[in-house]
Structure formats: structure tokens, C-alpha cells
Amino acid sequence: MSDADAIPEFRKAGSGGSDKVSLTNLSAFSSGIGATTRREVIAIIAVAVIVIGGIEIALRAFAVPEYIMPTPSAIIAALFTEFPLIAPHLGHTLFQLVCGFAIGSTVGLILAATITQFPFVEKIVAPYILILVTTPMLALVPLLILNFGFGYTPRIIAVALASGPMVMINAATGFRRVDSAKIALARSYGASTLQIFWKVRAPMALPMILVGLMIGAIFGLLTTVGAEMVGGGFGLGNRLTSYSSMIQMPQFFAVVLILSILGILIYVTFFLIGKKWASWEA
Amino acid sequence: MKSPRAEPAKLGIHAATKVYQTASGDLLALDGCELAIGKNEIVSIVGPSGCGKTTLLWSMSGLHRLTSGQITLDGEPITGPHPDISLVFQDANLLPWRNLDANINFPFEIKGTRPDRAWIEHLLHQVGLEGFGGKYPRELSGGMQQRAAMVRALSLKPSVLLMDEPFGALDSFTREEMNRLVEDIWLDSPTTIVFITHSVEEAVFLSDRVVVLTPRPGKVASEYRVPFERPRTLEIMATREVFDLTNAIKMDIVGGRVRKERSRTAEAAA
Chain A
1 MSDADAIPEF
11 RKAGSGGSDK
21 VSLTNLSAFS
31 SGIGATTRRE
41 VIAIIAVAVI
51 VIGGIEIALR
61 AFAVPEYIMP
71 TPSAIIAALF
81 TEFPLIAPHL
91 GHTLFQLVCG
101 FAIGSTVGLI
111 LAATITQFPF
121 VEKIVAPYIL
131 ILVTTPMLAL
141 VPLLILNFGF
151 GYTPRIIAVA
161 LASGPMVMIN
171 AATGFRRVDS
181 AKIALARSYG
191 ASTLQIFWKV
201 RAPMALPMIL
211 VGLMIGAIFG
221 LLTTVGAEMV
231 GGGFGLGNRL
241 TSYSSMIQMP
251 QFFAVVLILS
261 ILGILIYVTF
271 FLIGKKWASW
281 EA
Chain B
1001 MKSPRAEPAK
1011 LGIHAATKVY
1021 QTASGDLLAL
1031 DGCELAIGKN
1041 EIVSIVGPSG
1051 CGKTTLLWSM
1061 SGLHRLTSGQ
1071 ITLDGEPITG
1081 PHPDISLVFQ
1091 DANLLPWRNL
1101 DANINFPFEI
1111 KGTRPDRAWI
1121 EHLLHQVGLE
1131 GFGGKYPREL
1141 SGGMQQRAAM
1151 VRALSLKPSV
1161 LLMDEPFGAL
1171 DSFTREEMNR
1181 LVEDIWLDSP
1191 TTIVFITHSV
1201 EEAVFLSDRV
1211 VVLTPRPGKV
1221 ASEYRVPFER
1231 PRTLEIMATR
1241 EVFDLTNAIK
1251 MDIVGGRVRK
1261 ERSRTAEAAA
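Protein sequence lines correspond, in order, to chains A and B.
Residue numbers for the first sequence follow the working numbering, beginning at 1 and rising by one.
Residue numbers for the second sequence follow the working numbering, beginning at 1001 and rising by one.
Bound-form chain A, shown alone (with noise of 0.2 Å):
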């Protein structure tokens, strides 16, 4: 969007740089997906066919053997055919995702709103939560595995495990944003403790929750397809140990496909969230 049509913000400082905001902002929002005029559309589209197309010709070209990388014509029509086969995997990979997702940020977004009500006990577990952070939690599958077995469980902890600390991590940076006057006006109005949670705390965390929620699903959505790597006989990430264990390439790369696709949609959805309930920071 360009910036000469755009109502003039006031009292604001320029963009970029300047908010204290750790990790991540919200740039994510405010700029990224979203072709706006149709010159846009049109050229998006011409370079698209333009890549794709010129990657099916010069695969044709020099003749490159299917188990070395086939061609988008054959990813497709590979995604067409064994998708009924897929299905179900792609259902047992979203039932995980949700299942850990759903735990880890409930747990993650709990202990950010009370943890940094106390900043005392925020400095003590503050190098925890780094750790946290940090380990790869894929690292955990194989102990998981030995004492869960194969089933869901290993997996739905393992998500959680990655998701709630991306969470928890950013939601802290949101809580942490007090604005002494904004909370000053509500106690001014007599308001409690938990009102001043509720109508100023939180929806001043808003921004860097869903930014926490955003980066949590897509470390979630990695580690489901890890965890369903390492062992298990279902799910996406099972999928593609045994396509390619079989060289069957066009069905590997159809399900790399449906993974990038997932990952968009999780972005997507955020951010269409974010636009809604947090674009007065965006």
C-alpha cells in the first residue's frame, strides 16, 4: 500500500525499529500476504506459471530421473491419485497438531499472564523457559516414544512441548508492556485487579499473544511431522520416511505439498486474526 493515499498518523513514532518488542513484531501483520490491485494479481500469477512451467521444461530438458526430483505435472497428478490414501494421515497429523497445540499454548498463555505479574519469579524462571525455547523438543521423541509407545500420545506431547514455550515466550513480551497511565485511568475508575487484567493487560498483550500463537503452530506443525518421523506407522511425516524409502518421488513431493500448504494456512489464519483484533498496533 502505498503511503501518500494513508491517513497521517499522529503522536506515532516512524515505523520500524522503534518498538521494544523482542524476538518478533508484528511486521509479520502488517506487511507479507495480500496482492491488492490487479496488476499485482496478474504479474503474481505470470511468474508463478513462469517458475513452475520453466521447472516442468528443463526437468523434461535434460531428461532428470523421477527419483532425483520429478516434475510439478507429476506432483500433481501424483497428489490427485494418492490422496484417498493420504487422508487419513493428513488426519491423524491435524488431530496431533491441534491436540498439542491446544495444551501447549493453554499452559504457555496461563503461565505468561501469571508469571509476569510477579517480576521476581519471572527472573527465576526466565533461563528455564530460554532452554525451553531453545532445545529442539524433536529432541525428546525417542525417550517419549520408549516410555508412551506408538501411539498419539509421544507426538501430542511432544507438540506441546514445542509450541507452549514459543507462546509463553511472546505473550510474556506482550503482558510485560504495562502502560502505567492506561492502568492508571482504570484504577482511577475503581477498577479491580482482574478488570485491569482483562481490559487493559490483556488486549495490550493481544499483538504478541497471536504473534506467540502464530510461531507456536508452525513449531507445533514441525515437530508433529519430526515426532511422526521418527516412529509410528501413521501420519504425514510416516508418509514420507516410507515414499521415499520406496523412491516413490511424486508422492513425497505431494505430500511436502499438503505440508507447505498447512503451514500457509496456519500463517494465513493469524493473520487474518491479527488483522481483526490487533491492527490498531499493525
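Calculated directly from the structure, the hints in this document are not laboratory data.
Since the model is a prediction, treat every value here as computed from it, not as a measurement.
There's no promise every hint is true.
Claimed, not checked - Interface residues of chain B toward chain A, partial, derived using beta-carbon atoms under 10 Å: (1) W1058; (2) H1082; (3) L1095; (4) P1096; (5) F1108; (6) I1110; (7) K1111.
What the hints assert, rightly or not - Simulated DEER-style distance windows between Cβ atoms: (8) A:I264 to B:E1177: 45 to 55 Å; (9) A:V49 to B:E1177: 54 to 64 Å; (10) B:S1141 to A:L143: 57 to 67 Å; (11) A:A181 to B:G1112: 22 to 32 Å; (12) A:A181 to B:K1157: 21 to 31 Å; (13) A:I52 to B:D1171: 48 to 58 Å; (14) A:I110 to B:R1180: 42 to 52 Å; (15) B:W1119 to A:T135: 54 to 64 Å; (16) B:D1026 to A:L130: 34 to 44 Å; (17) B:D1116 to A:T134: 50 to 60 Å; (18) A:A181 to B:G1032: 22 to 32 Å; (19) B:A1169 to A:A87: 58 to 68 Å; (20) A:W198 to B:P1227: 47 to 57 Å; (21) B:R1117 to A:T269: 53 to 63 Å.
Using N, Cα and C, we set each Cβ at its ideal position, and we do this for glycine too.
Once you've looked at the hints, dock chain B against the given chain A.
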């Protein structure tokens, strides 16, 4: 106009003392401040930066406790936020995630009461913000934001309105416009107003009385009655009397510094 001292004080400040505990030791912000503000009187508090003006105002609003002394409203001591007292903050202080209507509804949501729609419509009409209800604060200019904040503060029909340098961030034209607006609102429905400002002109234009605080620790240094009739037109504000009073107050605030500098130049000359 009746002398405010003749009737019991609407707002009484009795030996108000406030000590802040800071890392570098105790900071005495207010030291035995005494002030009585009459019903429907407009009193401005001016003084050098950091003299405890905002501390005094926040104490009056019940947002923080005094170390000793007390504040009374109609003779009753204030121990916390009071429904009869509304505060207008520096920089409007609107909630950016709420549109204008929702911002004005905020106090009522907190209190769980039903807003008086007719009164709010009347206020919005008076400040010229009709039809802006769906706008978000970032879409409004600084002056519009502060007008919305005034509507929010007045929507509860407080008997005391405390204003903490409300127009400090505005340009001088907008500021004068806002001053006239405060006078209009007061003429329409009188309330007791305590106004904190760095601008002596603003204080003289708005007030029945200007109170000068001493440098920290703050206490009342002097008081000036402002006897001019309302509405205070540009003609009235251009008179010699207004000019002289404004200068007298300015001299009072910077007086100490001027004398000190004079003696320093005298020393240098000697």
C-alpha cells in the same frame, strides 16, 4: 463572584506531604501543602518542573496515598479513587484498541453501570466529535484525542475534574482552542476544575485562581486571583491587567533564578 473561602471547601488539601522511596534515597515531593478549592472554582497549579504538581493531582484523585496529611472532598477524606472525581491525563490516554465510542464506554464497563447516552451525545456535540464514534485513536489528531478524553472524563458527571497538563503536547493554536472549549463546558455545566499546566497564559485564561508551587519539595508559594469575567474574550485577554498579572506570576515562578543570575553577573562585573 463569591469568594470561594466563604463556603466550605469542595476539595481540601491539608498538610499534604509525599515522600517517594527511590534507589538514591527518599525524595520529598510535597511538603505540607495547604490548599482549599471552592465549589465550581477553576484553580490552576503552576510551578517549576518537578515541583510536585502531578504528585499533588494524583493524590487528589486518590491514585496514590500521601505520606502524611489528607485530602478531603466535601469534608470527607479521600482514600482511593472516588466516583465523583475524574482525571484527564497528559496525552489523552485513550485505549488504542478501542474506537472512540468504546473508549467513552470504558468507565461504564469498569463500573458496570449504564451510560447516560443523552448526556454523552450532548458532550460529543459540544466538543465537535459527533459522528467520530467508530474512529480509532490513531485516526484522530492530538486535539481530537484530547477532546475525546475530556468527554470520557465528563461522561460520569464528576463534581471534580482534575486535569494533568492535558494540552501540553498540543500546538499553541489547538491549545487555545481547547482552553476555550474547557471554558465553554464549564459555563454550560459548572464543575470544580483543578488544572495543572506549565503555561501561565493558559492558567490565567482558564482560572479563577492561580496557585504557584515552590520548587521541590512543593508547597504553596503564592496565590493569584484572576477576576476577569467570562467568557474571556480575546479583547479581555489582550488588556493590560491580564498582561500585568501574567507577568507577575511568571516573575514569581522564575524570580529566584533571575535574582540569582543577576547577582552572578554582578559578581562577574566586579
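- [ ] State the violated hints by number, sorted upward, taking the hints as numbered earlier in the document.
- [x] 21
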